[in-house]
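Undergrad: Just so you know, the protein sequences line up as chains A and B, in that order.
Just so we're aligned: the first sequence equals residues 46 to 457 in the numbering used here.
Just so we're aligned: the second sequence equals residues 46 to 457 in the numbering used here.
Pairs involving identical chains hold if they fit within one copy or between any two copies, as the list cannot separate such chains.
Computed cross-link-like contacts, SDA-like style, restricted to lysine to any residue with a CA-CA straight-line distance of at most 25 Å:
1) 254 x 195
2) 374 x 321
3) 155 x 132
4) 97 x 60
5) 367 x 321
6) 97 x 56
7) 159 x 146
8) 97 x 136
9) 97 x 59
10) 136 x 101
11) 136 x 96
12) 368 x 358
13) 173 x 188
14) 136 x 152
15) 76 x 107
16) 97 x 61
17) 159 x 188
18) 239 x 272
19) 367 x 319
20) 268 x 195
21) 136 x 109
It should be emphasised that the hints constitute simulated quantities derived from the structure, not laboratory data.
Protein chains: 2
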Amino acid sequence: MALIVQKYGGTSVGDVERIKNVARRCLAAQKKGNRVVVVVSAMSGETNRLLKLVSQITERPNEREQDQVVATGEQVSIGLVALAIQGLRGKARSFLGSQVRILTDSTFSKARIKSIDAQNIFRALDRKEIAVIAGFQGIDEEGNVTTLGRGGSDTTAVAVAAALKADACEIYTDVDGVYTCDPSVVPKARKLEKISYEEMLELASAGAKVLQIRSVEFAMKYKVPLWVKSSFSDDPGTLVCQEDESMENVVVSGIAYDKNEAKIAIRGVPDVPGVAAKVFGALDQKSIVVDLIVQNVSVDGRTDLTFTVGKSDFVKARDVVKKLLKQIKAQGMETDDDIAKVSIVGAGMRNHSGVAAKMFQVLAKEGINIQAISTSEIKVSCVIEAKYTELAARALHTAFGLDREEAASVAG
Amino acid sequence: MALIVQKYGGTSVGDVERIKNVARRCLAAQKKGNRVVVVVSAMSGETNRLLKLVSQITERPNEREQDQVVATGEQVSIGLVALAIQGLRGKARSFLGSQVRILTDSTFSKARIKSIDAQNIFRALDRKEIAVIAGFQGIDEEGNVTTLGRGGSDTTAVAVAAALKADACEIYTDVDGVYTCDPSVVPKARKLEKISYEEMLELASAGAKVLQIRSVEFAMKYKVPLWVKSSFSDDPGTLVCQEDESMENVVVSGIAYDKNEAKIAIRGVPDVPGVAAKVFGALDQKSIVVDLIVQNVSVDGRTDLTFTVGKSDFVKARDVVKKLLKQIKAQGMETDDDIAKVSIVGAGMRNHSGVAAKMFQVLAKEGINIQAISTSEIKVSCVIEAKYTELAARALHTAFGLDREEAASVAG
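Modelling step: build the complete structure from the supplied sequences, incorporating the hints.
TA: Printed below as a string of structure tokens:
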């Protein structure tokens, strides 16, 4: 008898009919002989409705109180899902974050899970109930309600699966798996049957939105087999799991892009120790998260320091750097928020050389200038002008052999 | 330094502007040197919206899950009120029923409060915060979320006031106090400055909707001075308190009516012990609450047994009695759901004779037939045909000298 954790996102519980659909799916999984735990998000639009109420009350909301308000979205969903299961003559019981003691730190609005007390969940399962758990929310040591940040329900699901030592964690969403690239941009994108945690992490960091990064980290840490499936079909979906030999043969598994960044380049900085520390220390003090950092080879004792930040932090970051220019003796600053980051990801890169070079050639052939480059063991990212994003994604997709075959033959 | 508990109902927190208004009132009370605790209801319409969602999912909802859903209305309100106070540079902290441990029994949807742990509230007050507490909700021994039933926020407020030994409990609503009768029916109705707990209880039981019955019982039991005030004016409102000498001089304090009852009369029952026990035992088994019970003097060893029930229980009660008729050897049954109960209430009745007789005369003079009578020490209720309700209320209001004087002089 397997123990399965299923997670349904906001669109999957978006209205009464969809909630009943989720109930049917949970019961179907139970009838197959599984013990079933369900984690649900707020009904789509609900979290935004609550945040809007908060913003109408005050411009700079206290995050404890905001969490108190926003956590209600999931509370409504779990009650409704439990009722829908009961309405189909199933047994179910809903649990708040506080009721299964999803203990978090006290970083309101983006709290991190510290532990989960599985006792109440196991008791419900022993009574043959489907345990319906609120995603996104927890409780801190003092009993305050906390939330985990956008997409936090994925993390709840994986954390619950880890705590229960579940056999699988199934993330149900409105797409039927992880694709080689966003199919709305690359029509020839293929659904992946399998992908490694590391690749999924790199894809998520590079802009793919199918799973929250922290949930993948959690799954990797606790080795939870993670399925991405559609709540509207019976497609087997994509399995995110530990790397195996078959994966090493695939050089590039997927392509991701992120249009939500802006670039800041500091020109002519003296190449002496401590400059980068000063710049990024100052940015960190303002809680600005820096993504990609590139420093060129020094010429005449001076170098350029380029980095990207999220668009929402762009103005703040620019002001921080502007104030530092004199102190670090830089010659100037250039900024650009009309950029995109395009990345290729693949576990096979470890064993194949020339992957980055091939990427640069493909982009050059399309006349796309590369403004900055960053690499990891299994990823290459290039910053380019935003308007070339889709062209770059499609060209790289074809060049690295990711195009769907049927589509290719039809086109041919 | 006084400790005041203020309670704001659904219309008082009905939208963002009204929530800000509540915040201003709380801060004004604090600035006067008081320690302030606020209990709030769900925004008006919210509880009904949630109940509608529940009813769309299933016709017969499990009450634990329904409470899980419905309790979110108050959770949103407390967060928003706390944020509004903070937005005005005040200090505030919101508390769920579970966070101040409002312990109830496990009778979901109409739970009763067993105890309140005042510790967290006092801690907040010591930090000069306004404690904002969710009305209507609690938690049972097992950590399940419970709700107290319609109007339960009044009870929360009084229970919190009792637990804190507060100096006053102020119930803010959309009317500015307790009136001698519903002003929409009796335009000459006067606002009362003061009324005793017992009178308020009788008025509430007789149909007056200004306060929930259980909240008055609680206030009486723990001697909490209770103010009924408007959240939209600075009117001092009505004080509900222990009876004093001044009250004894007023024969009738108020008039109430209730159109929400139906009458069942069992004709020609043998006047032997055990009949009433059988009838009301059977009704109780179906959880039907019986209001007024009248049994006539027996003639030839037979008597009539008349009682009223809420309209929503009428059909169920009729079926129960129909099945019993043969067993209790009754001659027949008559039912009528087109009735009203009109009541006069006054602590002074204890010391004045002839009050009931006067009521009957007033009704007779208006040509209103009395179908059943019930009395308590400080109340007389008559069941009459529903269409005469307003006429009876106005005639009794004038006859017992309750009409507003200014209005009388303007009219004269």
